[in-house]
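These protein sequences, in sequence, are chains A and B.
Residue numbers for the first sequence, in our numbering: 30 to 355.
Residue numbers for the second sequence, in our numbering: 75 to 356.
It should be emphasised that the hints constitute simulated quantities derived from the structure, not laboratory data.
Each hint should be verified, as a subset may be incorrect.
[What the hints assert, rightly or not] The following label-pair restraints were derived from C-beta to C-beta distances: (1) 122(A) - 333(B): 34 to 40 Å; (2) 139(B) - 227(A): 51 to 57 Å; (3) 214(A) - 141(B): 28 to 34 Å; (4) 152(A) - 278(B): 41 to 47 Å; (5) 135(B) - 91(A): 39 to 45 Å.
[To be verified] Simulated crosslink set (DSSO-like; lysine-lysine; CA at most 27 Å straight-line): (6) 81(A) - 218(B); (7) 193(A) - 341(B); (8) 342(A) - 270(A); (9) 59(A) - 306(B); (10) 229(A) - 81(A); (11) 219(B) - 61(A); (12) 215(B) - 81(A).
No residue lacks a Cβ here, since even glycine has one placed at the ideal position from N, Cα and C.
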Amino acid sequence: MRSKSKQISLQKIISTRDAFGEELVELGRKHKEVVVLDADLSKATKTCWFAKEFPDRFFDMGISEQDMLGTAAGLSLCDKIPIVSTFAIFATAKAFDQIRNTIAYPRLNVKIIATHGGITIGADGASHQPIEHITLMRVIPNMTIIVPADGIEAKTALKYAVEKVRGPVFIVVGRDPTPVIFSDDHQFDFRHGEVLKEGKDVAIIAAGIMVEKALRAGEKLGERGINACIVNMHTIKPIDKELIIKIARKVGGIVTAEEHTIIGGLGSAVAEVISENSPVSLKRIGLRDRFGQSGSAEELLREYHLTEEDIVKAAEEVMRGKGSSL
Amino acid sequence: METNVKQREDIIIELKLTANKVRKNIVKMITEAKSGHPGGSLSAVDVVTALYFNVMRHNPENPKWKDRDRFILSKGHAAPLLYSVLAESGYFEVKELLTLRKLGSRLQGHPDMKRLPGVEISTGSLGHGLSVGNGMAIAGKLNKKGYRVYVLLGDGECQEGQVWEAAMTASHYKLDNVTAILDYNGLQIDGPVKDVMNINPISNKWRAFGWYVIEINGHDFKEIFDSFERVKKLKGKPGIIIAHTTKGKGVSFMENVVDFHGKAPAKEQMVQALKELEENEE
Chain A
30 MRSKSKQISL
40 QKIISTRDAF
50 GEELVELGRK
60 HKEVVVLDAD
70 LSKATKTCWF
80 AKEFPDRFFD
90 MGISEQDMLG
100 TAAGLSLCDK
110 IPIVSTFAIF
120 ATAKAFDQIR
130 NTIAYPRLNV
140 KIIATHGGIT
150 IGADGASHQP
160 IEHITLMRVI
170 PNMTIIVPAD
180 GIEAKTALKY
190 AVEKVRGPVF
200 IVVGRDPTPV
210 IFSDDHQFDF
220 RHGEVLKEGK
230 DVAIIAAGIM
240 VEKALRAGEK
250 LGERGINACI
260 VNMHTIKPID
270 KELIIKIARK
280 VGGIVTAEEH
290 TIIGGLGSAV
300 AEVISENSPV
310 SLKRIGLRDR
320 FGQSGSAEEL
330 LREYHLTEED
340 IVKAAEEVMR
350 GKGSSL
Chain B
75 METNVKQRED
85 IIIELKLTAN
95 KVRKNIVKMI
105 TEAKSGHPGG
115 SLSAVDVVTA
125 LYFNVMRHNP
135 ENPKWKDRDR
145 FILSKGHAAP
155 LLYSVLAESG
165 YFEVKELLTL
175 RKLGSRLQGH
185 PDMKRLPGVE
195 ISTGSLGHGL
205 SVGNGMAIAG
215 KLNKKGYRVY
225 VLLGDGECQE
235 GQVWEAAMTA
245 SHYKLDNVTA
255 ILDYNGLQID
265 GPVKDVMNIN
275 PISNKWRAFG
285 WYVIEINGHD
295 FKEIFDSFER
305 VKKLKGKPGI
315 IIAHTTKGKG
325 VSFMENVVDF
335 HGKAPAKEQM
345 VQALKELEEN
355 EE
């Protein structure tokens, strides 16, 4: 179990998609086999920066996600490392068959960067707000799923996916700027979840933008005399079972927090592990089987109970032994 | 010139014999497996035999040779055809064909590239192959390789939207190293293509998408050769060979019978089919 003892400031803010776009250019300079494909969203996904520097290695596929994923498969079979980017909703829901049958089944080396990965994209509404992208990817064998918690982790995760993993990787990044949690020397290892704060009373296991909220919730709980363990579960698949079991045996209850439906995502993954190994009271923070809607990110987080207050409340509830219900 | 014509005639005689062997393998393996897709395997035998035994540069001793031409069976249900030409080419032993569709076999119901050498990409879900071929062709241009990519499409498969997304891509990126072959046998599972979901005017559709279109009799080796020669010379645009074929070609009771799209012959039918195919050889 790795842990961070240093104080996390959460002062600077950067969006994970910007971080992704910057790292992509770095990787392009370093690895000439990296090619990038986008489906008419390069200005939003930030692949436009790569396109500007490497026009010959950038392919705008137009609004055709299925063809884009298939083309990436072909490129990966001829010594290229294709990085495919579009909104999470389109990457997973429109091109599911292509990802399942043509990329994951033969375990091809295609990296899928799914941007705009949650309801906090806001005003565009439910059609553009993915709630099930992680579930969809989780059920596919051979798939690795990473949900970085901040801009630094988005960069390290992408670098890791390109340089250390041979096979399909799905990385979710968000649209809005979010606080930076990690320092520049952050080391990313997808095999291990990261304990950001040790604690014995209750554990909050979070991913993506919810990690920062979990940290803040942890501080609030501390003020009330509750010592919470905070975990950044950046890799949803393969999930760090060992860490989850270890924590479950130590604490009185677990709260999971994700900007995603509680059906099939991080909360489900944790529930599966603890119920088979070390049952403990659990509450899942996430969308409770509802579609999103238009609104500002802040309004939506409140509407769908994805705030630090919701995490605090859930932590107190699990400590009293109340589980989750749909 | 005379000798060229003579040589070509000899090659065609040789290829016809090989195609016949490929057909016999298909009938035997599907009968043994008790399931599979004979109709659409048999219809494309001549074109695919020409590719593997004459047109394509490939090396069964070294299936991963970087400069090889690539063949993608986008209509993955014709797996018995692919397996049969790969075995006859020497990628693996012909006797392994009889393991088709059995537990643990490298010859899965639809092609699995991770199991079987020579399979360029796993296929089965229709509509995927041309996109993959385009990706290989783009990589070929980026890597300054001279290889060509051949993609076999089914006629019913052209009802899949992804085929047309990929058609746009190949022409947009000027992929003259891509050749599609459309096995136009006119039948799909639910009946004649024109009744289920008409794809015509199919040549005009491909032309409108920016492709160079050649229509041939897909069972005439001379026409097959000529069409492959012509597409090789294209500059700046992809080519498609629309091969008019007969579903179940070579076995009288399977020809143009919808039912044999996805049904294995009974043992007695296999005997009858092999007898007909052997008579062809004489």
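Confirm or reject the claim that residue 139(B) and residue 227(A) have a C-beta distance inside 51 to 57 Å.
55 Å, holds
Could you check the hint for me, namely that residue 152(A) and residue 278(B) are 41 to 47 Å apart, CB to CB?
43 Å, holds
Take a look at whether the Cβ-Cβ distance between residue 214(A) and residue 141(B) falls inside 28 to 34 Å.
44 Å, violated
With the threshold set at 27 Å, check whether the alpha-carbon distance from residue 215(B) to residue 81(A) stays at or below it.
Cα-Cα ~20 Å, so holds.
Using the beta carbons of residue 135(B) and residue 91(A), state whether their distance is inside 39 to 45 Å or not.
Since residue 135(B) and residue 91(A) have Cβ atoms about 40 Å apart, the given range 39 to 45 Å holds.
Take a quick look at whether residue 219(B) and residue 61(A) sit within 27 Å of each other, Cα to Cα.
16 Å, holds
Pair hint residue 229(A) and residue 81(A), alpha-carbon separation not exceeding 27 Å:
50 Å, violated
Holds or violated: residue 193(A) and residue 341(B), Cα atoms, limit 27 Å.
Distance ~52 Å between residue 193(A) and residue 341(B) Cα, so the pair is violated.
Would the pair residue 81(A) and residue 218(B) pass a check requiring their Cα atoms to be no farther apart than 27 Å?
OK: residue 81(A) and residue 218(B) at ~22 Å, within 27 Å.
Assess, step by step, whether the Cα of residue 342(A) is no farther than 27 Å from the Cα of residue 270(A), and give holds or violated.
25 Å, holds
Cβ-Cβ distance between residue 122(A) and residue 333(B): within 34 to 40 Å?
With a Cβ separation near 36 Å, residue 122(A) and residue 333(B) satisfy 34 to 40 Å, so the hint holds.
Can the restraint linking residue 59(A) and residue 306(B) be considered satisfied, given a maximum Cα separation of 27 Å?
36 Å, violated
Of the numbered hints stated above, those contradicted by the structure are hints 3, 7, 9, 10, listed in ascending order.
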